[in-house]
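A.B. asks: Sequence:
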Amino acid sequence: MTQDLVKFFVSSGDNGAYFWYEPQDLSVLWRLVLKSNGTTYRYKLNGSDWIEYWKAPDESTPSYAICGPYGIYVDGDCKCCVETLFHPKNGNDWKNRIFSEGCERNVPLNDTYNGFVALRNVKLPDTINAVSAGNGSTGSDCETWCMKNSSCVAYAYIEWQGCLAWFGDIIDMEQFLDEGATLYIRVASKRVVEMYPYVQVFEIFDYNTIRDATDNFSDSNIVGHGQMGPVYKGVLENRQVIAVKKLTRSVQNGNEQLRNELYLLAILKHKNLVRLMGFCIQQQEIILCFEFMRNGSLDKMLFDARLLEEGLNWEQRHGLITKIASGLLYLHDENGDTIIHRDIKPGNILLDENMNPRIADFGIARLFEGDRSTFTASTDGAGTMH
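Each residue of the sequence shown is one higher than the last, beginning at 1 in full-length UniProt numbering.
Please keep in mind that the hints were generated in silico from the structure rather than gathered at the bench. As the structure is a prediction and not an experimental result, all values here were calculated from the model. The reader is advised that the hints may include incorrect statements.
Said to hold, decoys possible - Here are the simulated DMTMM-like pairs of lysine to aspartate or glutamate, each with C-alpha atoms no more than 25 Å apart in a straight line:
1) K7 <-> D25
2) K300 <-> E285
3) K345 <-> D299
4) K44 <-> D75
5) K233 <-> D212
6) K271 <-> E285
7) K269 <-> E83
8) K95 <-> E174
9) K323 <-> E285
10) K269 <-> D215
11) K246 <-> E174
12) K148 <-> D178
13) K269 <-> D75
14) K89 <-> E203
15) K95 <-> E83
16) K123 <-> D212
17) K123 <-> E174
18) K271 <-> D219
19) K55 <-> E83
20) K269 <-> D212
21) K35 <-> E143
22) K345 <-> D333
23) K269 <-> E334
24) K246 <-> D343
25) K233 <-> E285
26) K233 <-> D215
27) K44 <-> D25
28) K35 <-> E83
29) K269 <-> E179
30) K123 <-> D49
31) K148 <-> D126
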């Protein structure tokens, strides 16, 4: 619409790049207004009235520093950047959706026990309190530099720029689904950092809610079987459809696979990985709740005789392969660590309503931090490796 009324120009050179536009119709009057809330409006004169033609940012874009210090904008709402380690500074204001005071640490920083929490897929904070931190060529160089400076509260490694370090409160953060930078926030205990290196927060479901949603875990609602137990289709009171994984007793008793899957699902966030919505630990049961994949698993789409008539055309197959590869690339190289799934097969690829694939079942996956690049695979139930 704008291109019909104005003509755009771009010029670049050694001193920078310039962008401007000229009206196509010089008889039309325009007015540009910057309001106190930071929103810019563009008005067009129509007779004796000024008509709003354009504004930025729009409603889907958060206002500057809307979540306050150490707050982060996630899916249209404000949260503390790491909810296990920070809390709202003014709880009453926070309940009333006034976030300007932001969050503060549960445990103040000290000179003895320090570590870093990794916030992945974020827009980095405002750099008003940031400095270029030397010429570090790796993320570990940045961490060392920040650790030696007691006033350094966070750092990021940017490939084309090097280390960036923040001093004082950090503001204006936003988390995205599967893109963005990684910010490392300094916290008071390395032990805690190792336990909670993530931002995601999961809903705690009531057992009766899950029981009612699955019609008392009816066999007719079973949609699959994972490494750790049967998976049911459930419908919540608000009509949201979920996938419910009810863990077997053997998994609950020896729960290494459970801890492994929960940890990985907490730190991973990608459009081609299955998303954990919440969990329930009641009635001596452990239940995991996932977003529901309406088209089931890829193996049924490939091998079920009832579906073979329609089948997948080559364009669909190529699209699935590309998206699965994108998820694997994220696991192997793009999430900050190396994660090997160890059981990639059509039965562990789920398809949503738009036929987008999601990699599932991380019970026997392995995480390799830093420079560790080898491991010894177990032979009992280790899945398949290719």
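A.B. asks: Against this structure, judge whether each hint is valid.
C.D. replies: Okay, the hints, checked on the actual structure:
1. K7 <-> D25: Distance of about 10 Å is within 25 Å: holds.
2. K300 <-> E285: violated (29 Å)
3. K345 <-> D299: Holds. K345 to D299 sits at ~8 Å (cutoff 25 Å).
4. K44 <-> D75: Status violated; Cα separation ~33 Å.
5. K233 <-> D212: holds (11 Å)
6. K271 <-> E285: It is violated: about 29 Å lies between the C-alpha atoms, which goes past 25 Å.
7. K269 <-> E83: holds (17 Å)
8. K95 <-> E174: holds (20 Å)
9. K323 <-> E285: At roughly 34 Å apart (the allowed maximum being 25 Å), E285 and K323 break the hint.
10. K269 <-> D215: With a Cα-Cα distance of about 30 Å, the restraint between K269 and D215 is violated, given a limit of 25 Å.
11. K246 <-> E174: Between K246 and E174 the Cα gap is close to 34 Å, so the pair fails against 25 Å, i.e. violated.
12. K148 <-> D178: violated (32 Å)
13. K269 <-> D75: Cα-Cα ~13 Å, so holds.
14. K89 <-> E203: The given pair, whose Cα atoms are some 22 Å apart, holds under the 25 Å limit.
15. K95 <-> E83: holds (15 Å)
16. K123 <-> D212: violated (40 Å)
17. K123 <-> E174: Since the Cα atoms of K123 and E174 sit roughly 5 Å apart, the hinted pair holds (cutoff 25 Å).
18. K271 <-> D219: Distance ~30 Å between K271 and D219 Cα, so the pair is violated.
19. K55 <-> E83: violated (33 Å)
20. K269 <-> D212: It is violated: about 29 Å lies between the C-alpha atoms, which goes past 25 Å.
21. K35 <-> E143: violated (40 Å)
22. K345 <-> D333: Given that 25 Å is the threshold and the Cα spacing comes to 20 Å, the pair holds.
23. K269 <-> E334: holds (11 Å)
24. K246 <-> D343: holds (20 Å)
25. K233 <-> E285: Within the cut-off at roughly 17 Å; holds.
26. K233 <-> D215: With Cα atoms ~9 Å apart, K233 and D215 stay inside 25 Å; holds.
27. K44 <-> D25: holds (12 Å)
28. K35 <-> E83: Not satisfied, since the Cα-Cα distance of roughly 33 Å exceeds 25 Å.
29. K269 <-> E179: holds (9 Å)
30. K123 <-> D49: violated (39 Å)
31. K148 <-> D126: holds (22 Å)
Comparing the model with each earlier hint shows violations of hints 2, 4, 6, 9, 10, 11, 12, 16, 18, 19, 20, 21, 28 and 30; every other hint is respected.
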